[in-house]
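**Q** Listed below are the residues making up each chain.
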Amino acid sequence: MDPFTTLTAVAMPVDLPNVDTDQIIPARFLGRPREEQAPALFHDMRRTPEGALRPDFPLNQEGFRGAGIVVAERNFACGSSRENAVTVMVDNGFRAFIAPSFGDIFFGNCFQNGALPVVLPAERVAALRAALHAQPGARIAIDLAAQTVTGPDGGVDRFEIDPFRKDCLLRGVDAVTLTLGYEADIAAFEARQQDELTWL
Amino acid sequence: MPQTMFEKIWRRHVVVDRPDGYTLLYIDRHLMHDGSAGGFARLRGRNLKLRRPDRSFGTPDHYVSTGGRGIAAITDPHHRGIVAAMARNHADHGFTVFDIGDERQGIAHVVGPEQGITQPGLTMVCGDSHTSTHGALGALAFGVGSSEVTHVMATQCLWQRKPRAMRIVVDGTLGFGVTAKDVILAIIARIGAGGAIGHVIEYAGSGIRGLSIEGRLTLCNMSIEAGGRAGMVAPDDTTFAYLHGRPFAPKGAEWDRAMAFWRGVPSDAGAAFDKDVTLDGAAIAPMVTWGTSPEDALPITARIPDPGTAPDAAKREGMARALSYMGLTPGTPLEEVAVDRVFIGSCTNSRIEDLRAAAAVVRGRRAVVPSWAVAGSGLVKRVFREAGFDWREPGCSMCVGMNGDLGTAGQRIASTSNRNFVGRQGRGVRTHLLSPTMAAAAAVTGRFTDVRKLAQA
Numbered sequence: 000m001d002p003f004t005t006l007t008a009v010a011m012p013v014d015l016p017n018v019d020t021d022q023i024i025p026a027r028f029l030g031r032p033r034e035e036q037a038p039a040l041f042h043d044m045r046r047t048p049e050g051a052l053r054p055d056f057p058l059n060q061e062g063f064r065g066a067g068i069v070v071a072e073r074n075f076a077c078g079s080s081r082e083n084a085v086t087v088m089v090d091n092g093f094r095a096f097i098a099p100s101f102g103d104i105f106f107g108n109c110f111q112n113g114a115l116p117v118v119l120p121a122e123r124v125a126a127l128r129a130a131l132h133a134q135p136g137a138r139i140a141i142d143l144a145a146q147t148v149t150g151p152d153g154g155v156d157r158f159e160i161d162p163f164r165k166d167c168l169l170r171g172v173d174a175v176t177l178t179l180g181y182e183a184d185i186a187a188f189e190a191r192q193q194d195e196l197t198w199l
Numbered sequence: 000m001p002q003t004m005f006e007k008i009w010r011r012h013v014v015v016d017r018p019d020g021y022t023l024l025y026i027d028r029h030l031m032h033d034g035s036a037g038g039f040a041r042l043r044g045r046n047l048k049l050r051r052p053d054r055s056f057g058t059p060d061h062y063v064s065t066g067g068r069g070i071a072a073i074t075d076p077h078h079r080g081i082v083a084a085m086a087r088n089h090a091d092h093g094f095t096v097f098d099i100g101d102e103r104q105g106i107a108h109v110v111g112p113e114q115g116i117t118q119p120g121l122t123m124v125c126g127d128s129h130t131s132t133h134g135a136l137g138a139l140a141f142g143v144g145s146s147e148v149t150h151v152m153a154t155q156c157l158w159q160r161k162p163r164a165m166r167i168v169v170d171g172t173l174g175f176g177v178t179a180k181d182v183i184l185a186i187i188a189r190i191g192a193g194g195a196i197g198h199v200i201e202y203a204g205s206g207i208r209g210l211s212i213e214g215r216l217t218l219c220n221m222s223i224e225a226g227g228r229a230g231m232v233a234p235d236d237t238t239f240a241y242l243h244g245r246p247f248a249p250k251g252a253e254w255d256r257a258m259a260f261w262r263g264v265p266s267d268a269g270a271a272f273d274k275d276v277t278l279d280g281a282a283i284a285p286m287v288t289w290g291t292s293p294e295d296a297l298p299i300t301a302r303i304p305d306p307g308t309a310p311d312a313a314k315r316e317g318m319a320r321a322l323s324y325m326g327l328t329p330g331t332p333l334e335e336v337a338v339d340r341v342f343i344g345s346c347t348n349s350r351i352e353d354l355r356a357a358a359a360v361v362r363g364r365r366a367v368v369p370s371w372a373v374a375g376s377g378l379v380k381r382v383f384r385e386a387g388f389d390w391r392e393p394g395c396s397m398c399v400g401m402n403g404d405l406g407t408a409g410q411r412i413a414s415t416s417n418r419n420f421v422g423r424q425g426r427g428v429r430t431h432l433l434s435p436t437m438a439a440a441a442a443v444t445g446r447f448t449d450v451r452k453l454a455q456a
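Protein sequence lines correspond, in order, to chains U and Y.
In terms of numbering that gives the first Met the number 0, the first sequence opens at residue 0 and continues consecutively.
In terms of numbering that gives the first Met the number 0, the second sequence opens at residue 0 and continues consecutively.
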């Protein structure tokens, strides 16, 4: 997994609350190979039923070209567990997401793909989105080691992150490899459980 | 110190507690569906084996055709490949499989409890968000993404930070015609689609204890639609009676040992929760969603809400957007909204009890709009056939439409599934969530109908 250390990138606002992972990538694209899924990002929000790009959707606007950060509303990426919601973002160049709250499963899936979900207070996130609308193409800087987000206005916010997740992201640790190192603990647990829950 | 049911199960499954607050949690049961094929591909790519085939169970559901049996009925070659991988992976890794052609095949969250794989006090995961379903029997069960599916395949463990505990108490007796689906829609309407983020919900109170296991499965299933990591109901005599004699349930002396363990699973008296919510069960009516989030739910006796009454501009805009997508006018009584199609199915509401209840409504009547029933059993097939329903083969079907079971733009569908998201049942399709009996009522009248009136007629 690619490590995540710092990221300074154009940030794109997504204003709606409860944006579900069906919006990020509709189910009909999930059976395709990953390399074919990239154009499906926000497909139905981004395009008219006839397939034309909607000019009012930020992803289609010149100012947000090359964006690497999404600034979203509450309960971002709720719903289905599809990890494609993270990978399709990563494959479109997005490595960080800032919102007042996230769907739990998407939040966890980010760490499996070298992406960083950042929770900030709702008022600050709303102010960031307003700044991005006012100044398309504005950049946000994220420093994971320092746990800070620097907005286009220069304002710095500190965010919380689990030390374990932080360390794994900074070093690009692969979770499976890490866990295989605990083999003795897992085997001991299994032996103990076999004695207790004999019917399993 | 008194412990919650969640706390007890969590503690029993700690393999490693790191000083940084992260836990390596042991997973007792891994349910796999056709979409888990990617996990096996990654396992193969890393030369790893499935660690515990004896704890792993697979059944294809997302991509299977409900229009005909067998792999040949799947027209999309990609989808056919994904479903066919189940047999190949079974041959390579030797887990328990309920594949196409096996009458036990069906939606993973229907099959797990039906087979007795789901049991009190266990930890369970599946690469599907509705894994919360299994908490109905007192298990700690949650959905994970495909990377964590691979992780569980390789290690039978997951890295987790302990979620917080929330208790939702529904006291009182549910009214006539009110089902578990109505209870969970009322709960989500109350706490919101993100109301339980970061929490494991325990449902408690007399209104919950009075529910059958099928009802509890419906309830826990939609915990994720409230943002919950998992949903649980304490195991009781209803649970034990349900489990007894099921194929994967313990037998003989093992049953007695299991019972002794299961009796200790419920929360201790006085256990503290991080958050408490209380609802009056007697006040809940049959519910229908009107918008594009499960939190947009109202009693069938209500009218389409007016964005003008929203507390702020953002909410007003959100409601207006949802109503525009749904093609609804504020002030219209829900009972005057006509539907184009009816779908009875999904991991939320496709169990035999759901179909029996719906069958009681449709028996002797005629569906006046195209209506589907997609279930995991053939027992009440004839009743639905005689009412003019299109009887389908088991699978996720129109809940997620990954197999091509979709509506067309503009269609209004009364659906017993769990998500009324924009485009969930097909681009431009308008989904309304409701219970199986409310769906059956809509099928025979062609509009949303208070099922309590039909049942009395």
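Think of the hints as simulated: they come from the structure by calculation, not from any bench.
Incorrect hints may have been included.
Unchecked claim - Among the chain Y residues that face chain U by a calculated CB cut under 8 angstroms, a handful are:
hint, residue
1, Glu-6
2, Phe-94
3, Arg-189
4, Gly-317
5, Ala-321
Unchecked claim - Straight-line alpha carbon distances no greater than 30 angstroms define the calculated BS3-like cross-link-like pairs of lysine-lysine that follow:
hint, chain 1, residue 1, chain 2, residue 2
6, Y, Lys-7, Y, Lys-161
7, U, Lys-165, Y, Lys-48
8, U, Lys-165, Y, Lys-7
Glycine included, C-beta positions come from ideal geometry on N, C-alpha and C.
**Q** Does each hint fit the structure? Answer for all of them.
**A** Results for each hint:
Of the supplied interface hints, the one on Glu-6(Y) is violated, with its beta-carbon coming no nearer than about 18 angstroms to a beta-carbon of chain U, more than 8 angstroms. Checking Phe-94(Y) against chain U: minimum C-beta separation of about 15 angstroms lies over 8 angstroms; hint violated. For Arg-189(Y), the suggested interface contact is broken, since its CB lies about 15 angstroms from the closest CB of chain U, more than 8 angstroms. Here the hint on Gly-317(Y) is kept, as its CB sits about 7 angstroms from the closest CB of chain U, short of 8 angstroms.
Using the Cβ-Cβ criterion of 8 angstroms, the hint placing Ala-321(Y) at the interface with chain U is not satisfied: the shortest such distance is roughly 10 angstroms. Taking the CA atoms of Lys-7(Y) and Lys-161(Y), the gap is about 12 angstroms. The hint holds against a cut of 30 angstroms. Of the pairs offered as hints, the one joining Lys-165(U) and Lys-48(Y) holds, with about 29 angstroms between alpha carbons and a cut-off of 30 angstroms not exceeded. For the given pair, Lys-165(U) sits about 28 angstroms from Lys-7(Y) by alpha-carbon distance, which is consistent with the 30 angstroms threshold.
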